[in-house]
Amino acid sequence: MAVLSDCCSKPRVVVIGGPTATGKTALSVALARRYHGEILSADSMQIYRGLDVGTAKVTPDEMQGIPHHLLDILPPDQPFSVADYVALASRTITEITGRGCLPFVVGGTGLYISSLLGGLTFTEEKADPSIRQDLQRRLQAEGPEALYEELRRIDPDYAAGVHPNNTTRVIRALELYRATGRRMSEERRNAVPVEAPYRSLCLCLTCRDRALLYRRIDQRCDRMMEQGILQEAEYVYRHRDTFRTAAQAIGYKEFFPYFEGAADLNDCLVRLKQASRNYAKRQLTWFRRQTPAVWLYLEDGDLVGQAEPYLTAFLQS
1 MAVLSDCCSK PRVVVIGGPT ATGKTALSVA LARRYHGEIL SADSMQIYRG
51 LDVGTAKVTP DEMQGIPHHL LDILPPDQPF SVADYVALAS RTITEITGRG
101 CLPFVVGGTG LYISSLLGGL TFTEEKADPS IRQDLQRRLQ AEGPEALYEE
151 LRRIDPDYAA GVHPNNTTRV IRALELYRAT GRRMSEERRN AVPVEAPYRS
201 LCLCLTCRDR ALLYRRIDQR CDRMMEQGIL QEAEYVYRHR DTFRTAAQAI
251 GYKEFFPYFE GAADLNDCLV RLKQASRNYA KRQLTWFRRQ TPAVWLYLED
301 GDLVGQAEPY LTAFLQS
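FYI, in this note's numbering the residues of the sequence shown are 1 to 317.
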(Lines of atoms letter the chains of each structure in order from A; the text may use other names.)
(Lines give C-alpha, C1' and ligand atoms only; values in the text may rest on other atoms or scores of the structure.)
Protein backbone atom coordinates (compact mmCIF):
# COMPACT_ATOMS: atom_id res chain seq x y z
CA MET A 1 0.00 0.00 0.00
CA ALA A 2 1.77 3.15 -1.17
CA VAL A 3 1.25 6.25 0.93
CA LEU A 4 1.06 9.34 -1.25
CA SER A 5 0.39 12.92 -0.24
CA ASP A 6 -0.75 15.80 -2.38
CA CYS A 7 0.50 19.36 -2.10
CA CYS A 8 -2.34 20.32 0.28
CA SER A 9 -1.90 17.52 2.82
CA LYS A 10 0.66 17.02 5.52
CA PRO A 11 2.92 13.97 5.31
CA ARG A 12 1.73 11.04 7.37
CA VAL A 13 4.16 9.58 9.91
CA VAL A 14 3.73 6.48 12.07
CA VAL A 15 5.64 6.33 15.34
CA ILE A 16 6.37 3.10 17.17
CA GLY A 17 7.62 3.92 20.64
CA GLY A 18 7.63 2.69 24.19
CA PRO A 19 10.14 1.29 26.67
CA THR A 20 13.10 -0.91 25.88
CA ALA A 21 12.68 -4.64 25.19
CA THR A 22 9.04 -4.47 24.08
CA GLY A 23 9.51 -5.57 20.46
CA LYS A 24 9.45 -2.23 18.62
CA THR A 25 11.90 -3.45 15.97
CA ALA A 26 9.95 -6.57 15.01
CA LEU A 27 6.62 -4.74 14.88
CA SER A 28 8.00 -1.88 12.81
CA VAL A 29 9.51 -4.21 10.23
CA ALA A 30 6.29 -6.24 9.95
CA LEU A 31 4.17 -3.11 9.50
CA ALA A 32 6.63 -1.52 7.07
CA ARG A 33 6.42 -4.64 4.92
CA ARG A 34 2.62 -4.49 4.86
CA TYR A 35 2.27 -0.75 4.37
CA HIS A 36 5.13 0.00 1.96
CA GLY A 37 7.17 1.76 4.60
CA GLU A 38 10.70 2.78 5.46
CA ILE A 39 12.05 3.07 8.98
CA LEU A 40 13.81 5.96 10.73
CA SER A 41 15.57 5.23 13.99
CA ALA A 42 14.66 7.45 16.93
CA ASP A 43 17.42 6.24 19.20
CA SER A 44 20.09 8.60 20.48
CA MET A 45 22.77 5.88 20.59
CA GLN A 46 22.08 3.88 17.44
CA ILE A 47 23.37 6.78 15.35
CA TYR A 48 26.91 5.74 16.32
CA ARG A 49 28.97 3.29 14.32
CA GLY A 50 30.48 0.31 16.12
CA LEU A 51 28.01 0.35 19.03
CA ASP A 52 25.65 -2.43 18.05
CA VAL A 53 25.08 -4.89 20.89
CA GLY A 54 24.77 -2.38 23.71
CA THR A 55 22.27 -0.28 21.74
CA ALA A 56 20.21 -3.29 20.56
CA LYS A 57 20.69 -2.07 17.00
CA VAL A 58 18.62 -3.83 14.36
CA THR A 59 20.61 -6.44 12.44
CA PRO A 60 20.58 -6.88 8.64
CA ASP A 61 18.59 -10.11 9.06
CA GLU A 62 16.02 -8.34 11.25
CA MET A 63 15.60 -5.58 8.66
CA GLN A 64 14.15 -8.11 6.17
CA GLY A 65 15.04 -5.82 3.30
CA ILE A 66 13.19 -2.79 4.68
CA PRO A 67 15.25 0.42 4.28
CA HIS A 68 16.43 1.79 7.63
CA HIS A 69 17.68 5.35 8.16
CA LEU A 70 19.68 7.28 10.78
CA LEU A 71 21.69 4.27 11.88
CA ASP A 72 25.51 4.23 11.95
CA ILE A 73 25.78 7.79 10.69
CA LEU A 74 28.47 9.13 13.06
CA PRO A 75 31.66 8.03 14.81
CA PRO A 76 31.23 7.73 18.60
CA ASP A 77 33.37 10.80 19.32
CA GLN A 78 31.01 13.20 17.54
CA PRO A 79 28.25 14.97 19.49
CA PHE A 80 24.69 14.89 18.18
CA SER A 81 21.86 17.04 19.54
CA VAL A 82 18.09 16.85 19.39
CA ALA A 83 18.24 19.82 17.00
CA ASP A 84 20.53 17.78 14.73
CA TYR A 85 18.08 14.89 14.90
CA VAL A 86 15.01 16.96 14.02
CA ALA A 87 16.75 18.54 11.04
CA LEU A 88 18.06 15.24 9.69
CA ALA A 89 14.89 13.25 10.36
CA SER A 90 12.74 15.94 8.73
CA ARG A 91 14.80 15.78 5.54
CA THR A 92 14.62 11.98 5.58
CA ILE A 93 10.83 11.99 5.97
CA THR A 94 10.56 14.31 2.96
CA GLU A 95 12.68 11.90 0.92
CA ILE A 96 10.66 8.85 2.02
CA THR A 97 7.28 10.41 1.27
CA GLY A 98 8.67 11.63 -2.04
CA ARG A 99 9.15 7.96 -2.95
CA GLY A 100 5.50 7.27 -2.10
CA CYS A 101 6.42 5.37 1.05
CA LEU A 102 5.22 5.64 4.63
CA PRO A 103 7.78 6.78 7.23
CA PHE A 104 7.91 4.74 10.44
CA VAL A 105 9.77 6.53 13.24
CA VAL A 106 10.90 3.83 15.66
CA GLY A 107 12.72 4.03 18.96
CA GLY A 108 12.69 4.83 22.62
CA THR A 109 14.26 8.31 22.75
CA GLY A 110 11.09 10.21 23.58
CA LEU A 111 12.72 13.62 23.33
CA TYR A 112 13.66 12.96 19.70
CA ILE A 113 10.16 11.78 18.84
CA SER A 114 8.20 14.57 20.51
CA SER A 115 10.55 17.21 19.09
CA LEU A 116 10.19 15.80 15.58
CA LEU A 117 6.40 15.48 15.69
CA GLY A 118 6.09 18.93 17.21
CA GLY A 119 8.21 20.49 14.48
CA LEU A 120 10.44 22.21 17.02
CA THR A 121 12.82 24.85 15.77
CA PHE A 122 15.95 25.59 17.74
CA THR A 123 17.82 28.83 18.19
CA GLU A 124 21.47 28.33 18.93
CA GLU A 125 22.73 30.37 21.88
CA LYS A 126 26.29 31.59 21.84
CA ALA A 127 27.99 29.63 24.60
CA ASP A 128 29.74 31.37 27.47
CA PRO A 129 33.02 29.45 27.88
CA SER A 130 33.33 30.35 31.56
CA ILE A 131 29.92 28.85 32.39
CA ARG A 132 30.68 25.71 30.44
CA GLN A 133 34.07 25.34 32.14
CA ASP A 134 32.56 25.81 35.60
CA LEU A 135 29.93 23.14 34.93
CA GLN A 136 32.57 20.77 33.56
CA ARG A 137 34.65 21.29 36.71
CA ARG A 138 31.63 20.50 38.85
CA LEU A 139 30.97 17.39 36.80
CA GLN A 140 34.49 16.14 37.44
CA ALA A 141 34.43 17.02 41.14
CA GLU A 142 30.86 16.11 42.11
CA GLY A 143 29.70 13.68 39.44
CA PRO A 144 26.67 13.75 37.12
CA GLU A 145 24.15 13.26 39.93
CA ALA A 146 24.83 16.71 41.42
CA LEU A 147 24.30 18.49 38.10
CA TYR A 148 21.16 16.50 37.39
CA GLU A 149 19.71 17.37 40.81
CA GLU A 150 20.33 21.05 40.08
CA LEU A 151 18.48 20.66 36.77
CA ARG A 152 15.59 18.96 38.55
CA ARG A 153 15.31 21.90 40.91
CA ILE A 154 15.28 24.60 38.25
CA ASP A 155 13.50 22.76 35.43
CA PRO A 156 11.75 19.55 36.53
CA ASP A 157 9.72 19.26 33.31
CA TYR A 158 12.81 19.09 31.13
CA ALA A 159 14.72 16.92 33.62
CA ALA A 160 11.96 14.29 33.45
CA GLY A 161 12.89 13.58 29.83
CA VAL A 162 16.67 13.56 30.25
CA HIS A 163 18.71 10.65 31.57
CA PRO A 164 20.72 11.69 34.67
CA ASN A 165 23.90 10.51 32.97
CA ASN A 166 23.29 12.40 29.75
CA THR A 167 25.65 15.12 30.88
CA THR A 168 25.69 16.84 27.48
CA ARG A 169 22.00 17.73 27.71
CA VAL A 170 22.13 18.43 31.44
CA ILE A 171 25.02 20.86 31.02
CA ARG A 172 23.40 22.52 28.01
CA ALA A 173 20.20 23.15 30.00
CA LEU A 174 22.09 24.49 33.03
CA GLU A 175 24.24 26.64 30.78
CA LEU A 176 21.14 28.16 29.15
CA TYR A 177 19.59 28.92 32.53
CA ARG A 178 22.74 30.52 33.93
CA ALA A 179 23.38 32.59 30.81
CA THR A 180 19.82 33.75 30.11
CA GLY A 181 17.56 32.83 33.02
CA ARG A 182 15.43 30.79 30.60
CA ARG A 183 14.52 27.16 31.22
CA MET A 184 15.04 24.58 28.51
CA SER A 185 11.44 23.39 28.87
CA GLU A 186 10.30 26.95 28.08
CA GLU A 187 12.62 27.08 25.08
CA ARG A 188 11.09 23.87 23.79
CA ARG A 189 7.54 25.15 24.25
CA ASN A 190 8.42 28.40 22.48
CA ALA A 191 9.95 26.42 19.64
CA VAL A 192 6.69 24.64 18.86
CA PRO A 193 5.10 25.95 15.65
CA VAL A 194 1.46 27.00 15.46
CA GLU A 195 0.71 23.88 13.44
CA ALA A 196 2.45 20.50 13.63
CA PRO A 197 4.24 19.54 10.41
CA TYR A 198 2.93 15.97 10.22
CA ARG A 199 -0.22 13.93 10.58
CA SER A 200 0.98 11.30 13.01
CA LEU A 201 -0.12 8.08 14.63
CA CYS A 202 1.86 6.99 17.67
CA LEU A 203 1.71 3.33 18.66
CA CYS A 204 3.39 2.58 21.99
CA LEU A 205 4.21 -0.90 23.23
CA THR A 206 4.19 -1.92 26.86
CA CYS A 207 3.13 -4.61 29.34
CA ARG A 208 0.21 -4.40 31.73
CA ASP A 209 2.28 -6.46 34.14
CA ARG A 210 5.41 -4.49 35.03
CA ALA A 211 7.08 -7.73 36.15
CA LEU A 212 6.78 -9.09 32.60
CA LEU A 213 8.51 -6.00 31.21
CA TYR A 214 11.31 -6.37 33.73
CA ARG A 215 11.78 -10.06 32.87
CA ARG A 216 12.05 -9.14 29.20
CA ILE A 217 14.67 -6.51 30.04
CA ASP A 218 16.67 -8.98 32.13
CA GLN A 219 16.54 -11.54 29.32
CA ARG A 220 17.71 -8.94 26.81
CA CYS A 221 20.67 -8.08 29.04
CA ASP A 222 21.59 -11.77 29.27
CA ARG A 223 21.46 -12.04 25.47
CA MET A 224 23.67 -8.98 25.17
CA MET A 225 26.29 -10.72 27.29
CA GLU A 226 26.17 -13.69 24.93
CA GLN A 227 26.41 -11.41 21.90
CA GLY A 228 29.54 -9.60 23.08
CA ILE A 229 28.50 -6.46 24.90
CA LEU A 230 31.57 -6.75 27.12
CA GLN A 231 33.87 -6.21 24.14
CA GLU A 232 31.90 -3.13 23.09
CA ALA A 233 31.95 -1.79 26.65
CA GLU A 234 35.72 -2.23 26.79
CA TYR A 235 36.04 -0.36 23.48
CA VAL A 236 34.03 2.52 24.94
CA TYR A 237 36.01 2.38 28.19
CA ARG A 238 39.33 2.70 26.35
CA HIS A 239 38.02 5.77 24.52
CA ARG A 240 35.89 7.21 27.32
CA ASP A 241 37.56 10.61 27.16
CA THR A 242 36.47 11.13 23.55
CA PHE A 243 33.35 8.89 23.38
CA ARG A 244 31.63 11.11 25.92
CA THR A 245 28.04 10.28 25.04
CA ALA A 246 28.64 6.54 24.83
CA ALA A 247 30.65 6.59 28.08
CA GLN A 248 27.52 7.78 29.88
CA ALA A 249 25.13 5.38 28.12
CA ILE A 250 23.36 2.48 29.75
CA GLY A 251 24.98 -0.71 28.53
CA TYR A 252 28.55 0.51 28.75
CA LYS A 253 29.26 2.51 31.89
CA GLU A 254 27.93 -0.29 34.11
CA PHE A 255 30.96 -2.38 33.12
CA PHE A 256 33.58 0.29 33.82
CA PRO A 257 34.10 -0.90 37.45
CA TYR A 258 34.93 -4.36 36.06
CA PHE A 259 37.65 -2.97 33.81
CA GLU A 260 38.99 -0.98 36.76
CA GLY A 261 39.10 -4.07 38.98
CA ALA A 262 36.54 -2.60 41.38
CA ALA A 263 33.67 -5.05 40.75
CA ASP A 264 33.16 -8.54 39.39
CA LEU A 265 31.36 -9.17 36.12
CA ASN A 266 28.16 -10.51 37.63
CA ASP A 267 27.75 -7.40 39.79
CA CYS A 268 28.10 -5.25 36.69
CA LEU A 269 25.45 -7.29 34.89
CA VAL A 270 23.10 -6.83 37.84
CA ARG A 271 23.72 -3.06 37.64
CA LEU A 272 22.99 -3.11 33.92
CA LYS A 273 19.66 -4.85 34.47
CA GLN A 274 18.66 -2.40 37.20
CA ALA A 275 19.70 0.63 35.15
CA SER A 276 17.75 -0.69 32.16
CA ARG A 277 14.63 -1.24 34.27
CA ASN A 278 14.91 2.29 35.66
CA TYR A 279 15.29 3.64 32.14
CA ALA A 280 12.16 1.77 31.04
CA LYS A 281 10.20 3.47 33.81
CA ARG A 282 11.41 6.87 32.64
CA GLN A 283 10.48 6.01 29.05
CA LEU A 284 6.96 5.05 30.10
CA THR A 285 6.58 8.30 32.00
CA TRP A 286 7.79 10.32 29.02
CA PHE A 287 5.53 8.71 26.44
CA ARG A 288 2.50 8.96 28.69
CA ARG A 289 3.11 12.63 29.46
CA GLN A 290 4.42 13.94 26.17
CA THR A 291 2.95 11.94 23.30
CA PRO A 292 -0.72 11.20 22.53
CA ALA A 293 -0.52 7.49 21.81
CA VAL A 294 -2.40 4.27 21.23
CA TRP A 295 -1.07 1.69 23.69
CA LEU A 296 -0.60 -1.90 22.55
CA TYR A 297 -0.06 -4.55 25.20
CA LEU A 298 2.24 -7.51 24.80
CA GLU A 299 -0.01 -9.73 26.92
CA ASP A 300 -2.76 -9.40 24.28
CA GLY A 301 -0.55 -11.02 21.64
CA ASP A 302 -0.45 -10.42 17.87
CA LEU A 303 0.88 -6.86 17.93
CA VAL A 304 0.49 -6.58 14.17
CA GLY A 305 -3.18 -7.50 14.48
CA GLN A 306 -3.62 -4.98 17.27
CA ALA A 307 -1.97 -2.23 15.24
CA GLU A 308 -3.60 -2.77 11.85
CA PRO A 309 -7.07 -1.31 12.58
CA TYR A 310 -5.47 1.91 13.85
CA LEU A 311 -3.13 2.11 10.89
CA THR A 312 -5.86 1.45 8.36
CA ALA A 313 -8.11 4.12 9.88
CA PHE A 314 -5.19 6.56 10.03
CA LEU A 315 -4.31 6.10 6.38
CA GLN A 316 -7.93 6.37 5.24
CA SER A 317 -8.73 9.47 7.28
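There could be a bad hint or two in this list.
The calculated EDC-like cross-link candidates involving lysine to aspartate or glutamate, where the alpha carbons are at most 16 Å apart (straight line), are [stated by the list, open to error]:
1. LYS281 x GLU226
2. LYS10 x GLU195
3. LYS281 x GLU195
4. LYS57 x GLU95
5. LYS273 x GLU195
6. LYS10 x ASP84
7. LYS57 x ASP72
8. LYS273 x GLU308
The set of hints was computed from the structure by calculation and includes no laboratory data.
Structure-based check of all given hints:
| no. | hint | result |
| --- | --- | --- |
| 1 | LYS281 x GLU226 | violated, 25 Å |
| 2 | LYS10 x GLU195 | holds, 10 Å |
| 3 | LYS281 x GLU195 | violated, 30 Å |
| 4 | LYS57 x GLU95 | violated, 23 Å |
| 5 | LYS273 x GLU195 | violated, 40 Å |
| 6 | LYS10 x ASP84 | violated, 22 Å |
| 7 | LYS57 x ASP72 | holds, 9 Å |
| 8 | LYS273 x GLU308 | violated, 33 Å |
When each numbered hint is compared with the structure, violations occur for hints 1, 3, 4, 5, 6 and 8.
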